[in-house]
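Enquirer: Protein chains in written order, with my numbering: chain A, 1 to 582; chain B, 1 to 374; chain C, 1 to 259.
Hints were generated in silico from the structure; no laboratory data involved. Please note that a few of the clues may not be correct.
Think about it this way: if two alpha-carbon atoms lie no more than 27 Å apart in a straight line, the pair counts; the simulated DSSO-like pairs of lysine-lysine are [as the list claims (entries may be wrong)]:
| id | chain 1 | residue 1 | chain 2 | residue 2 |
| --- | --- | --- | --- | --- |
| 1 | B | LYS153 | C | LYS78 |
| 2 | A | LYS168 | A | LYS183 |
| 3 | C | LYS150 | B | LYS226 |
| 4 | C | LYS150 | B | LYS7 |
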Amino acid sequence: MTYRLLRTALLPGIAQAMFWFLLGSAAALSASTARQTIATAILEEDAEKKIGLINSLIGNADPAIKPLFDAWKEDAIFLYKAEGSATKVPVSVGEEKDTDGRQAATRIDDAQPLKAADGQPLRILTADYDSAEHDSAIRTAMKGVLDLLDLASPDRARRIQAIEMLGKSQEAEKLPPLLLVQKNVTDTKVRHALREAIALIQLKDEKPETRTAAAQELGALGSIASQDFLQQFVKDNADQPTVARAGTAALAAIANHVRNVNIVGTGFRGLSKGSILLVAAIGLAITFGLMGVINMAHGELIAVGAYTTYVVQGIFATGVVLQIPTFFGQPITVRLSGMNLSGTALDNYFLLALPLSFLMAALVGLALERSVIRFLYRRPLESLLATWGVSLVLQQLFRLTFGANNVQVYSPSWLSGNWTVSDVIFGWNRVFVIGFAIAIIFGTHLLMTKTPLGLLIRAVMQNRQMAACMGVKTERVNMLTFAFGSGLGGLAGAFISQLGNVGPGLGQDYIVDAFMTVVVGGVGNLVGTVVSALGIGLMDQSLQQILLNPVLGKILVLGMIILFLQWRPAGIFVTKSRSLES
Amino acid sequence: MQRHVSKVELVTASVIALFLVVVFPGLHAAGAVSDFTIKLWGKYLCYGLLAISVDLLWGYTGLLSLGQALFFSLGGYMLGMNLMLMIGEDGQYFKSGNNPSLLPDFMVILGRTELPSFWKPFYNFPFAVAMVVLVPGLLAFLFGFLGFRSRIKGVYFSILTQALTYVAAVFFQNALIMGSNNGFTDFKRILGCDIRASATQRGLYIATALALVLVYAFCRWLTTTKFGLVQRAVRDSETRALFSGYAAANYKLFVFVVASIIGSIGGALYLPQAGILNPTEMMPEKSLEAVVWCAVGGRGTLIGPIIGAIGTNALKSWATRAFPDLWLIILGGLFILIVLFLPKGIFGLLGQARDFFAKRKPEAASATAEPAKP
Amino acid sequence: MKIESTQKTFLLAAEGVNKSFSGFKAINNLNFYLDTGELRTVIGPNGAGKTSFLDLITGRTKPDSGTIEFEGNVSIPKLNEYEIYRLGIGRKFQTPTVYTDHTVWENLLLSLEGSRGVWASLFHQPNSTERDRMDEILATINLVSQRHWKAGALAHGQKQWLEIGMLLAQNAKLLLVDEPAAGMTDTETHKTGELLLSLAGKHTIVVIEHDMVFVRQIAAGRKVTVLHQGSVLCEGSVDEVQNDERVLDVYLGRKKRSN
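Chain A extracted, bound-state conformation (with noise of 0.2 Å):
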């Protein structure tokens, strides 16, 4: 009770005091540079303004500071004078002697070399000087000085981690650092995370209105981190009704704060869950929708686009591997040599792996399409089982190329980072797949409505017969049609290898969703599978945040699909037709 007594009552004004004092000091010598200052508290003699002089240093983030102050401590700052000289000079000294015992000095206030009245440099003997005392209250200052140093540094997050940790101290005594930086800082995140720690310090103030406000404040900030304190706030106060009922207050206002963290987290996730989807279903919307072929190889068509990444991305580092098989003999190893770049220059691999991935992928389609789907074309089913087949072949060439591991590719620096906002984590890569996945949709829709390759798409997709007898080459068509979508499949490949593993059964992971997508669209309408991408996708992520088991959260979208389908047997949008057999 005493301690707690201590700490509550005494320590705040001691701190308040220092702080005033502070704030003078920092006024007065704010023209000097934090050598000046330094120097001149190494030569200051009434310690309590030696001290000063050494706190004036907070909130400085002058890069000299931190090796000043280490030299000082292992004794290796020294107090040289002069002869003939009252003033003493603070200098480093250079660790060689030459052939006289004398060595290099450098002035501590200046960084430059000590010079004579001459204006020469000038050596020194060992004997010229004495190191700089310094006790155990100056040492304190100065690890206080070093403590806060990150509060000014450039670097955003750092500063950002050093407010946080003071704040989380709870110690009243760093506060008064925390309101100086407060004054001069201009960026709004620093910002927030200074009142957020002021704040959490202030919840230990004597006064039980600051106490009260500070609370409040946590619960304006929506501080998720601060719960733990205020739950604990909460029971410290218990005695004071108004102060504790501040407390609850805030939680319940933090409590909404994360409830709506939450919904616009797994808002983003289910869009980019969604879009992930998109991606790995537009492809097979025009294969399947608008073609009628069920295309099973369409997830490995997506595998060629991840290995194709692969293939790039080790070209541009260290070179990649393949075993190429030859079936009844020996596979043939073939090493592709790397560039060996880094930084940038690697990261670039990735635009360049974009549209091979596309192109490999509509090539493996195009070879797909003349050696097997041609000749299935208004045979759905069996278009499906033969599809399966070459599903199969193509896993097994994966797996027999590259591995039967999965392979690791790297991801450019500018698709692995994330942008916080309000608490909310937006993961580059998936801002990158939802842009992505807008400019394919785009891309797409202009391609059927405003090139003469898109009319003759849909001409052929609507009346075969009636197509082929005006003249339009439906055998082509269908070609371009089904590499196209394969097409798609692979740029889509070449986004997922920068979201999970890729392996030789990287199209089976996806191939299940992307039929289902498709389907609870309504085939032949790509309008359809974007909205029914998104709406899986954020019935997904929120059926996921909501039970926190994603297998029972699967189990749970299927059955939801099965009962719309029972709504809207043909999908969201359907086709409408007359004939008998549609």
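For chain A, the structure is supplied; the task is to place chains B and C on it using the hints.
Expert: Just chains B and C now, kept in the frame of chain A:
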């Protein structure tokens, strides 16, 4: 397609049935057939049951179900629960003194000390057998009821059953209380008999062969009834069947439930002969593999899928040993070729050939009877 | 109910029926009444909504608005295809729609009146009455010697006949016959007309037809309905409608009089 069972077919089928049920196990008893072989053939015949269940749906009703592996596995799981409980005092943890309440070993690893209540009835063998029929039947009924009511057909049915299977596999992979990824294994006895004993294996084989013969006979009968006619009417033109007053959904639901139970029985018989069951058995790929057997043998015939199942699996046994890296490529390639060049499978090809010769006659005869064409 | 207020029960009464397909109004405020025992011919140019109308009656599509009532008390739009069929409404489609992989005999067996349930179908064997009935129909539609043929192997006209035979086997109260004479020779067409006439009275029949010779054959002394743009343009005897100004406008594409 013959509507009525011809004498030739009856005799052939009886001879094959007699061989499978009596002669082959007789040879085993006499030592002419090894334990390994009879076990292998037992498994092949289980696959035959699975293939028939696919064919009844796909070949006869036009419903390509990619969920039959799920029902096959479910059957296995239901009987497996009984076999796991029958391990009893032979379990590793009981021997080491850590399992006084005789739980299946995987539950001891989970730290359980008591059997979950839904496991308890499975001590009773007839109960487990009843569940082999009821659980998959009920699941098929629910899924089929919802699906067929909303007229999900064709590829949509395939995609939905695939999704159902996929989700079930994910569920079982995570269902700790059902052995999760490791599933069930290490069985010791069935109905009190040592499961590894030669005689038990023979008994299981005979049960499988008998089940296959009975299922074959049942399906043969089913396809000759008016039900069979409606079934194929639904397959060929569901809309027309609706306009003939048939509630196609009910017919499909009936076939779906029957086929699921057939698949489940196959799975239940498979389990003690294979000695292991885990969720990989119910992945959609396994369903598709069963579809391959059916396609190879010839869908829309009943003997085709059985031959397809045995033939493809015999090929698999050989190829996975001879060319382990190439088996999936062979299987995939086989499938592509069958679909492209032999859409009706081997038996369909025979049927086509017969039709080709048979057609010559009536066409010539009808030239005069036929009314003049417009 | 509306029908009761008119003191008369129609076999089929459609009132204020509308149906559009993605913006196109196939049926537009259609009113149509049919008495029991009638043989009604419906004519109209392409796109007049004839087949769409049959689709609405047989449950293939549901109306956007309006009522369709059968025997004065059954609301058709609430039922699905097979329930409507079981009321006793049969339909022959415009393009012959038979089970091509089944034999002629099996096609008739599938259409024969009787239970449509799953259990019944498992144990149903045609009895001698039923077999006699099917033989009789085979004779009527002239397909006796093709009874074991697969329906897919039949000529176009024969398929039309088979489908009519299936309609007969069903023994429906209301027969909806969509262009029965399409693809038939003159002789066959005439025979079809005679068959339909022989059924008149026993069944109520709606025939949709283009061929005016055929229409004159079956509609002599009976009511003909002309459909145009989804609604009834006029009704009356063949001569009346053939001389109706509006009908001539519609058929001959004369310019519409301003009104």
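Enquirer: Could you run down the list of hints and mark each one as holding or not?
Expert: Verification of the supplied hints:
{"no.": "1", "hint": "B:LYS153 to C:LYS78", "in the structure": "holds (23 Å)"}
{"no.": "2", "hint": "A:LYS168 to A:LYS183", "in the structure": "holds (20 Å)"}
{"no.": "3", "hint": "C:LYS150 to B:LYS226", "in the structure": "holds (17 Å)"}
{"no.": "4", "hint": "C:LYS150 to B:LYS7", "in the structure": "holds (23 Å)"}
Checked against the numbered hints above, the structure violates none of them.
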